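In order, the protein sequence lines correspond to chains Z and C.
Here my numbering is used: the first residue of the first sequence is 5, the next is one more, and so on.
Here my numbering is used: the first residue of the second sequence is 115, the next is one more, and so on.
The set of hints was computed from the structure by calculation and includes no laboratory data.
Below, a list of computed lysine-lysine pairs in the DSBU-like style, where the Cα atoms sit at most 35 Å apart:
id	chain 1	residue 1	chain 2	residue 2
1	Z	K35	C	K634
2	Z	K35	C	K316
3	C	K384	Z	K334
4	C	K364	Z	K296
5	C	K320	Z	K97
6	Z	K69	C	K754
7	Z	K308	C	K316
8	Z	K334	C	K389
9	C	K617	Z	K35
10	Z	K334	C	K827
11	C	K364	Z	K100
Partial list, derived from the structure: chain Z residues whose beta carbon lies under 8 Å from chain C:
id	residue
12	S56
13	G57
14	D250
15	S252
16	A255
17	I258
18	L279
19	S280
20	L318
21	A321
22	L324
23	P325
24	P327
25	R335
26	S347
All figures in this text were calculated on a predicted structure; none of them were measured in a lab.
Even for Gly, the Cβ is constructed at its ideal location relative to N, Cα and C.
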Amino acid sequence: MAELNKQVTPSNDDNVLLRVENLSQHFGELKAVDNVSFDIKKGEVFGLVGESGCGKTTTGRSIIKLYNITSGSIYFKGQRIGAGTLSYKNAIKDAKKKFKDEVAELKNSDDPDKAAVIAEKKAELGKLISDMRKQIASAKYDNSHVDKDLITQIQMIFQDPIASLDPRMTVREIISEGLVIKGMKDKKQIDEMVYDVLETVGLVREHAGRYPHEFSGGQRQRIGVARSVIMKPELIIADEPVSALDVSIQAQVINLLNDLRHDLGITILFVAHDLSVVKYFSDRIGVMYFGKLVELADSDELFKHPLHPYTRSLLSAIPLPDPDYEKNRKRITYVPLRDHDYSVEQPTFREVSPNHFVLCSDSEEEKYRSIIGG
Amino acid sequence: MANKLEVRNLRISFRTVSGKLQAVRDISFDLKDGETLAIVGESGSGKSVTSKAILGILAGNAIIDGGEIIYDGRDLLKIPEDEFYKIRGDKIAMIFQDPLSSLNPIMRIGKQLTEAMILKGKARQKSCRKAFNEYLARLEKAMIKSNAANDPEKARSISEKCKNFDKFEGTHLKLETAYNSAVNNANEAIAEIENALFLIEKNAFKDEKNIISNICELSLGTVNDYVVSDDSAELHTLVSSLKTAASASKKSGNYDEVTANLNKINEILKAAIAKEMPNFFSMGYYLTFSGEPLPDLPVSELNQFLRKYLDDNYMLEFIEYVENALRDSAKEHLVKKEAVVKELKESLNTFRADVYSRPEIDTLVNKLVKDVHDSIDPMEINRDSTAYTFESSLRSAVEVYFNGEKQNVVETKRYEKQKASYDRKAARAGGELSWKVTPAAIVDLQLAKDNICTIIIRLTEHYEELLAQKDQRDYGEEAVAVIDYLKLNASGFANKVTRRLAKLRALKLMEEVGIPEPRKRYRQYPFEFSGGMRQRIVIAIALAANPDILICDEPTTALDVTIQAQILELINKLKKERNLSIIFITHDLGVVANMADKIAVMYAGKIVEYGTSRDVFYSPAHPYTWALLSSMPDLDTNEKLEAIPGTPPNMIYPPVGDAFAERNKFALKIDFEKQPPMFRISDTHSAATWLLHPDAPHVDPPKIVTERIARSKKNAGGDSNG
Numbered sequence: 005m006a007e008l009n010k011q012v013t014p015s016n017d018d019n020v021l022l023r024v025e026n027l028s029q030h031f032g033e034l035k036a037v038d039n040v041s042f043d044i045k046k047g048e049v050f051g052l053v054g055e056s057g058c059g060k061t062t063t064g065r066s067i068i069k070l071y072n073i074t075s076g077s078i079y080f081k082g083q084r085i086g087a088g089t090l091s092y093k094n095a096i097k098d099a100k101k102k103f104k105d106e107v108a109e110l111k112n113s114d115d116p117d118k119a120a121v122i123a124e125k126k127a128e129l130g131k132l133i134s135d136m137r138k139q140i141a142s143a144k145y146d147n148s149h150v151d152k153d154l155i156t157q158i159q160m161i162f163q164d165p166i167a168s169l170d171p172r173m174t175v176r177e178i179i180s181e182g183l184v185i186k187g188m189k190d191k192k193q194i195d196e197m198v199y200d201v202l203e204t205v206g207l208v209r210e211h212a213g214r215y216p217h218e219f220s221g222g223q224r225q226r227i228g229v230a231r232s233v234i235m236k237p238e239l240i241i242a243d244e245p246v247s248a249l250d251v252s253i254q255a256q257v258i259n260l261l262n263d264l265r266h267d268l269g270i271t272i273l274f275v276a277h278d279l280s281v282v283k284y285f286s287d288r289i290g291v292m293y294f295g296k297l298v299e300l301a302d303s304d305e306l307f308k309h310p311l312h313p314y315t316r317s318l319l320s321a322i323p324l325p326d327p328d329y330e331k332n333r334k335r336i337t338y339v340p341l342r343d344h345d346y347s348v349e350q351p352t353f354r355e356v357s358p359n360h361f362v363l364c365s366d367s368e369e370e371k372y373r374s375i376i377g378g
Numbered sequence: 115m116a117n118k119l120e121v122r123n124l125r126i127s128f129r130t131v132s133g134k135l136q137a138v139r140d141i142s143f144d145l146k147d148g149e150t151l152a153i154v155g156e157s158g159s160g161k162s163v164t165s166k167a168i169l170g171i172l173a174g175n176a177i178i179d180g181g182e183i184i185y186d187g188r189d190l191l192k193i194p195e196d197e198f199y200k201i202r203g204d205k206i207a208m209i210f211q212d213p214l215s216s217l218n219p220i221m222r223i224g225k226q227l228t229e230a231m232i233l234k235g236k237a238r239q240k241s242c243r244k245a246f247n248e249y250l251a252r253l254e255k256a257m258i259k260s261n262a263a264n265d266p267e268k269a270r271s272i273s274e275k276c277k278n279f280d281k282f283e284g285t286h287l288k289l290e291t292a293y294n295s296a297v298n299n300a301n302e303a304i305a306e307i308e309n310a311l312f313l314i315e316k317n318a319f320k321d322e323k324n325i326i327s328n329i330c331e332l333s334l335g336t337v338n339d340y341v342v343s344d345d346s347a348e349l350h351t352l353v354s355s356l357k358t359a360a361s362a363s364k365k366s367g368n369y370d371e372v373t374a375n376l377n378k379i380n381e382i383l384k385a386a387i388a389k390e391m392p393n394f395f396s397m398g399y400y401l402t403f404s405g406e407p408l409p410d411l412p413v414s415e416l417n418q419f420l421r422k423y424l425d426d427n428y429m430l431e432f433i434e435y436v437e438n439a440l441r442d443s444a445k446e447h448l449v450k451k452e453a454v455v456k457e458l459k460e461s462l463n464t465f466r467a468d469v470y471s472r473p474e475i476d477t478l479v480n481k482l483v484k485d486v487h488d489s490i491d492p493m494e495i496n497r498d499s500t501a502y503t504f505e506s507s508l509r510s511a512v513e514v515y516f517n518g519e520k521q522n523v524v525e526t527k528r529y530e531k532q533k534a535s536y537d538r539k540a541a542r543a544g545g546e547l548s549w550k551v552t553p554a555a556i557v558d559l560q561l562a563k564d565n566i567c568t569i570i571i572r573l574t575e576h577y578e579e580l581l582a583q584k585d586q587r588d589y590g591e592e593a594v595a596v597i598d599y600l601k602l603n604a605s606g607f608a609n610k611v612t613r614r615l616a617k618l619r620a621l622k623l624m625e626e627v628g629i630p631e632p633r634k635r636y637r638q639y640p641f642e643f644s645g646g647m648r649q650r651i652v653i654a655i656a657l658a659a660n661p662d663i664l665i666c667d668e669p670t671t672a673l674d675v676t677i678q679a680q681i682l683e684l685i686n687k688l689k690k691e692r693n694l695s696i697i698f699i700t701h702d703l704g705v706v707a708n709m710a711d712k713i714a715v716m717y718a719g720k721i722v723e724y725g726t727s728r729d730v731f732y733s734p735a736h737p738y739t740w741a742l743l744s745s746m747p748d749l750d751t752n753e754k755l756e757a758i759p760g761t762p763p764n765m766i767y768p769p770v771g772d773a774f775a776e777r778n779k780f781a782l783k784i785d786f787e788k789q790p791p792m793f794r795i796s797d798t799h800s801a802a803t804w805l806l807h808p809d810a811p812h813v814d815p816p817k818i819v820t821e822r823i824a825r826s827k828k829n830a831g832g833d834s835n836g
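Build the full structure now, drawing on both the sequences and the hints.
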C-alpha cells in the first residue's frame, strides 16, 4: 500500500502535544498540503517556514479544523481530532483495480485451480474493503465527535490584526466571545477574566470598552493574542502574527509571546516567513515547499547544516542589518528539476542525523550524511 | 553626481477634526543620480507622507506649510496639476504598500499593465516632439545669429541643415527599431530554446505546443537585413520542419529530431547576434540624401565609410555651428549673470531692512525675477534648478512674510481679547478656570526674512560658482551633448507604443518580475493572484513607464524572503541598467542594508539621523536608531529583544523638545525642553540628538547593537583575511 507509506517522524518521548500524521489537504486538483508529518512537543515553539502558497497557513488551519482534511490524522494530547478519508478510498480503489487485473490474467491462463485462487483473492479484497470502510467510518466519527473542551485548547492568532477583529465589537466582546460561546454566563466573572488577560498582554482594563479602530497595530495584535489566551489554550497557532507590524512593535509582540510561553507554558506553532524572527523564536523548524515538508530540525542545527537545496536557497535570501555582508551575499536559487534527479526513485522523509529530517532519495541521503559527518 | 531631487525644509500638516496634525516637520534631503535613499522609521513617522508629497498625491486635507521639492528645474509643490501629469508615473513612479488596494478589482491585469503604457506613450511622443521642435528652432536661430549674421546664403544653408536633421533622423530610427526588435527576438528565442532543450533532457517537456510556436514566432522575427539575412531561407525551412517534427514527436515521444532542429536554429541565432551593429545614424543620412544604394561592404568597413560620409557632408560643419552658437549664447548670458549677481547682492540690503514696505518689495521682486529669468541660457539642455525655481521660491517666501505680518496683528488682538476675558472670569470665579486661552500663534518674521535672504544668497553663490568655471567649459563637448539630446527626443517620438507592443512589453515585464505563465495571467483579475503575485504586478506597473525616480513604499513587507530577495534584486538590477534613483521606504533594516546607499531615519516628522548606510549601521548615533536596531533579531540574537516602549507622540500637539525623549532611556533633561539641532559627525553623517553636544555625558549604545557591530566587523575582517 504505497499510499499509506507512513512517514511518521519517530518521537522518543511521550511529551508530544500534537502529532500530525500524513496530513494532506487538497482543494480539487491543488494539493495545498501533501503528506506532511510532524510532532510538536509540550512547551516548545515549532516554526513552520516557506514561501507564500507553500501550504504553511493551510497546515495551521487544518489543525484547528477550519478545513475538513483530505487525508491523514491529527492527534492532540493522544486523541484524534481530525482525520481524512482519501487515503483509505484510494486504497480500496487500487485494490479493486489490482484484483480486476489479476483476475483477467488468471482467466486467460490455463491454471487448473484458477477458480479457487480467484475466490481466495476475492475474499482478501473483501476483507481489505471492509477494513478500509471501518477506517473511513472511524475517521468520520472522530471528525464529527471531537471533544469541544479539547479543541478549545488550540487557539489561533491571525496575521492581519485589522481584518481579524470585528470593527463593530468592543474589545471586551471580542475577547470574551469564545467564553460566551463555550457557555459562560456570569458577566462579572467574564469581565474579571477579560481584565486579567488584558493585563497579561500589556494593555489596561480601560481598553475593554473601546473599539478596534482606536488602537495601533501592535495593540490590535495584542487584542488578538488576548482573545486566544483567555481560552487557556495549550497550543497556540500563530499564523504570521508579526509580519504586518512595524519593527518596534514586532519586538513587543515577540517578547509578549515569549513571556506567555515561559509564564503560562503555552506551546506555539509559529507560522512565518521572516527567518530571522523564526530563528530567534523557535526551538525546532520545519521547512515547507509546495505542500511538502522538505526539512525538519532543531533551529540551530537547521541554520548550521541546511541540507535540502530549498532550505539553502531560503537561508541565502535572508537580509541582515549589515551592509558589508549584504553587498557580498550571494543568493542560491532552487530549481527542483536541476537540483534533484527523482526519475529512478521518489524521495521520502528520512532522519539523516538525530532529529534532523530531510526529504531525499537514497543517493541524496548519503550525500547529506557525508556533509554532516564532515 | 548631480542631484536628481532636492527636498528643502519641507513641512506638511493635516487638518483633522481635533486640530492641525504636523506630519512632516522641516526635513531636507538630496537624492543623487543613480542612488538609493532609504527612509526608515515607524509607521506614522511621516515617511509615506513625504513620498506622497513628492508624487503630488497628498490627501485633500493636507496643507503644505512650506518648503520645496525640486525636480528637473521645477518646484513640484508649486506646479499646476496638468503639468504634474507629465511627471507623475512617467518620471516619478511609485510602488505602493498595499497591493490589494492599489489594483483595480474589476479590470484585467493585462489592461492595468498596458493602460498607463499606452497613455504615457502618447503623451511622451507629444512632449518629445515638442521638445525636439522647440529646441531645434532655438538652435537654428542661435546658429544663424552667431555663424551667419550678415550672410543670407549661409543662413539658408543652416536652416536647410536643421530641416535635414529631422528627416534623416526618421530613417535612422526606423532602421534602428527594426534592428533592435530583431535582436531582442533573437535573445528571447535563444533563451526559450535553451529552456526547451533543458526540459527535453530532463524528460519534463510539457505545454510543447505553446513553447514551440513561441520559438517559431520569435525566430522568424529575427529576419532583418543586419541580423539574420543570408541564413533566412535556411531558418524558414528549419522552423517549418521543427513544427512538423514537434507534432510527430508528441505522438511518438521521441524528441531527437526536435532537439536537432532546435540546436541548428540556436546556432544560427547565436551567430546572428554576435555580428557587429551597423551605425544606423550615419546610414540614415546616407540613405536619405546620397540617393544611392548602400555599398556592399562588411559591417565594420561599412561603418567607417558611412561615418566618413556623414562627417564630410554634414556633421563636422553642423557641430561647429552648434558649438559657435552655444559659445555665443553662453557668453551673452554669463554677462547677464554677472549683472544679476551684483543686483542680487544689492537687493540684500532691502531685504535685510527692519521694515518692509509692500510696494517697494513687490517692484524689487518683480525686477529680480525678470532679470534672473533673462540670465538663464536657453541653449542649456540641463535645466538649472536653482535659477528656474528662484521665482517660485522667492515669491512664496515673500508671501509668507506679508501674511505673517497680517496674521500677527490679528492673533495678538485675539489673544489679548480672550486673555482679558479669561482674567475677568477667573477673578470672578476666584481661581483658575477649566479652559485655557490658546496662545497666540505668532509667525517669526525674522525667520521669514532670513528665508528670503537664504534664497537670494543661494542663487548668488550658485551663479558665482558658474562664473568661476566659465573658462573651463568645453563647448565642443557640449555640442555633442546637444546632438545626443536631439537624437534622444527624436527616438522618443518615433517609438510609438501600439497596443500589441504594449502587450509584448507587459508580458516581458511580468516575466521579469517573476510571474509564471504570463500569457495566462495576463487575462486574469487581481483576486486570482496571491499577495506576492499581486505585489509583483504593482511593481511591473510602476516600471512600465520607465521612470527616472522610483519611490518604493514598503514594497516587500508583505512578501516572503525568497520573493523579497528576488524583488530587491530586480529593483537593484533595474537601478543599474536604467540609472534609476530610488527612494526606499521601509522599516525592515535588513532590506535597508541591502538596498541603501544613504539612509534617513525619521521620527515624528523629522529626520533624526542621516548618513551613508555604513555610517548608520556601523556607527549609529541617535538613540532612536539604536532602538530600531535592537528591536530586530538577526540570526545570532539570543537575548531578549529591546522593544521600544510606548507609542509615537500625538503630532497634533508635538512635543517641545526631542520628540523621542519620552520613549528614550538615554534622554537628558534638555531633551524635554529644547529640540536638538542636527549635529555633524562626519561629512556624510549627522544626527539630531543632544548626546552629540560636547557637554553631553558619554553614552554607549545598547549591548545588542554594539555586539552586532563587533560581530559584523569581525566577519568582514575574517573574510578579507581568508
